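There are 2 protein chains.
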Amino acid sequence: MTRVRIDLNISLDGYTSATDHSPENPMGEDWGALTAAYTGTRTFRSRVLGDTTGTGTTGVDDAHAAAYFDNIGAEILGAAMFGFHTFPDDPEWKGWWGDEPPFGVPVYVLTHRAPLPDLPMAGGTTFRFRSGSIEEVLAEAASSAESQDVRIGGGIGTAREFLCAGLVDDLHVAIAPVILGRGNRVWDDLRGLELSHKVDTEVAESGTLHVSFTR
Amino acid sequence: MTRVRIDLNISLDGYTSATDHSPENPMGEDWGALTAAYTGTRTFRSRVLGDTTGTGTTGVDDAHAAAYFDNIGAEILGAAMFGFHTFPDDPEWKGWWGDEPPFGVPVYVLTHRAPLPDLPMAGGTTFRFRSGSIEEVLAEAASSAESQDVRIGGGIGTAREFLCAGLVDDLHVAIAPVILGRGNRVWDDLRGLELSHKVDTEVAESGTLHVSFTR
Chain U
1385 MTRVRIDLNI SLDGYTSATD HSPENPMGED WGALTAAYTG TRTFRSRVLG DTTGTGTTGV
1445 DDAHAAAYFD NIGAEILGAA MFGFHTFPDD PEWKGWWGDE PPFGVPVYVL THRAPLPDLP
1505 MAGGTTFRFR SGSIEEVLAE AASSAESQDV RIGGGIGTAR EFLCAGLVDD LHVAIAPVIL
1565 GRGNRVWDDL RGLELSHKVD TEVAESGTLH VSFTR
Chain S
1385 MTRVRIDLNI SLDGYTSATD HSPENPMGED WGALTAAYTG TRTFRSRVLG DTTGTGTTGV
1445 DDAHAAAYFD NIGAEILGAA MFGFHTFPDD PEWKGWWGDE PPFGVPVYVL THRAPLPDLP
1505 MAGGTTFRFR SGSIEEVLAE AASSAESQDV RIGGGIGTAR EFLCAGLVDD LHVAIAPVIL
1565 GRGNRVWDDL RGLELSHKVD TEVAESGTLH VSFTR
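Those protein sequences? They're chains U and S, same order as listed.
For the first sequence, position 118 (counting from the first letter as 1) is numbered 1502 according to the working numbering, and the numbering increases by one without interruption.
For the second sequence, position 197 (counting from the first letter as 1) is numbered 1581 according to the working numbering, and the numbering increases by one without interruption.
Treat each hint with caution, since some may be false.
Output of the computed footprint for chain U on chain S, the stretches with three or more beta carbons under 8 Å from beta carbons of chain U [stated by the list, open to error]:
{"no.": "1", "stretch": "1391–1400"}
{"no.": "2", "stretch": "1572–1583"}
{"no.": "3", "stretch": "1589–1599"}
Below are the SDA-like pairs computed for lysine to any residue, each with C-alpha atoms no more than 20 Å apart in a straight line [as the list claims (entries may be wrong)]:
{"no.": "4", "chain 1": "S", "residue 1": "LYS1582", "chain 2": "U", "residue 2": "GLY1591"}
{"no.": "5", "chain 1": "S", "residue 1": "LYS1582", "chain 2": "U", "residue 2": "GLU1589"}
{"no.": "6", "chain 1": "U", "residue 1": "LYS1582", "chain 2": "S", "residue 2": "SER1590"}
{"no.": "7", "chain 1": "S", "residue 1": "LYS1582", "chain 2": "U", "residue 2": "ALA1417"}
{"no.": "8", "chain 1": "S", "residue 1": "LYS1582", "chain 2": "U", "residue 2": "VAL1587"}
{"no.": "9", "chain 1": "S", "residue 1": "LYS1582", "chain 2": "U", "residue 2": "ALA1588"}
{"no.": "10", "chain 1": "U", "residue 1": "LYS1582", "chain 2": "S", "residue 2": "GLU1589"}
{"no.": "11", "chain 1": "S", "residue 1": "LYS1582", "chain 2": "U", "residue 2": "GLY1416"}
{"no.": "12", "chain 1": "U", "residue 1": "LYS1582", "chain 2": "S", "residue 2": "GLY1591"}
{"no.": "13", "chain 1": "U", "residue 1": "LYS1582", "chain 2": "S", "residue 2": "ALA1588"}
{"no.": "14", "chain 1": "U", "residue 1": "LYS1582", "chain 2": "S", "residue 2": "GLY1565"}
{"no.": "15", "chain 1": "U", "residue 1": "LYS1582", "chain 2": "S", "residue 2": "ALA1417"}
{"no.": "16", "chain 1": "U", "residue 1": "LYS1582", "chain 2": "S", "residue 2": "THR1419"}
{"no.": "17", "chain 1": "S", "residue 1": "LYS1478", "chain 2": "S", "residue 2": "GLY1537"}
{"no.": "18", "chain 1": "U", "residue 1": "LYS1478", "chain 2": "U", "residue 2": "GLY1462"}
{"no.": "19", "chain 1": "S", "residue 1": "LYS1582", "chain 2": "U", "residue 2": "THR1419"}
So the derived label-pair ranges between C-beta atoms look like this [as the list claims (entries may be wrong)]:
{"no.": "20", "chain 1": "S", "residue 1": "ALA1451", "chain 2": "U", "residue 2": "ASP1573", "range": "31 to 41 Å"}
{"no.": "21", "chain 1": "U", "residue 1": "ALA1450", "chain 2": "S", "residue 2": "ALA1447", "range": "25 to 35 Å"}
{"no.": "22", "chain 1": "S", "residue 1": "ARG1566", "chain 2": "U", "residue 2": "ALA1450", "range": "31 to 41 Å"}
{"no.": "23", "chain 1": "U", "residue 1": "ALA1420", "chain 2": "S", "residue 2": "GLU1476", "range": "52 to 62 Å"}
{"no.": "24", "chain 1": "U", "residue 1": "TRP1480", "chain 2": "S", "residue 2": "THR1439", "range": "53 to 63 Å"}
These aren't lab readings, by the way, just hints derived from the structure by calculation.
All values derive from a computational prediction rather than experimental measurement.
Even glycine gets a Cβ: it sits at the ideal position worked out from N, Cα and C.
Turn these sequences into a full structure, and let the hints guide you.
Next up, the structure:
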């Protein structure tokens, strides 16, 4: 049975980064503090960085990192997560994920620029551009995922659209114990999420708090 | 060495309750969800309710509840926490803490109505009304606490004044895994608190997340 999943890295005060982007620091200067525990895991180092030496943390953070990559059959991204800034004017531009994006599955990109031709990439990723409602795109993504899950990959605006519409089965937040005081707010308009979902809480060796909402 | 301490019960989205007061529900309808784990502890039942039967939870929540009551030599409260609404017009009104308030120590009440005479109560509590700066009142409270600690007992506005002024040595937040979407915001203007304080995170059997900032 396909489940709809979201994973977020947030601060104790409920922010994701991304309002302090700059050319020098495209992810924003707060991104490192939010993701240090995750990017330090053995799974991240192996799966994303291609580090085959076995370095990186194991334990609770790594278990969540491994679960993140498990059983995803399709992904949905907001337009900014594809990186439309020169596409399709520059026919060579294929998003900012490089020649071999890390998805390996169909990736549905929500954009009013659709229809656009599919964009097959090396490694099994195919970008598919859609302008329908989130429910329509989710139905298509779920169908293409077959029995595997659909991840809403971001950004936070897209993730919150799916959350606020009640479309998410599994929300996992990794809370870094830092106070950012700025960024994109995650929790607005989600009062009572603990009533529709079961909540599990866990602390990692790094001090990161992992909270999982499951229905 | 006197330390300045604050304990808060907050939601995952960073709210304390208290914006939904009503005559029928003076603490607000969200208060129960925020404090259920705490009021269920054996320490709370014994210390606050006078339950001598030994019922209530033990474990992580109870350890924090016991620490809450330990080594406090003076307390500071905002005016609303004393309950000024009929004082001093009604000479019988002595705050809403009853004839024997649960403090048992000098309690400094921040109020522009001062000077007012001290109000000694049964059980060792004396209310002392002060209109000076928070630094001045803290200095006096610390002196009267001798080597014990001073608790900033609330409300959240008063707690945040001390936090934002950098006057707090120990902040313990018990985070109930619920999304309230309303209430008083705890974390505003506290960016970087993790840089001036060491942070410890812990999960209780109840699912409550305990985060302690210590310097």
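- Message: When the structure is checked against the list of hints, which entries are broken? Sort them ascending.
- Response: none
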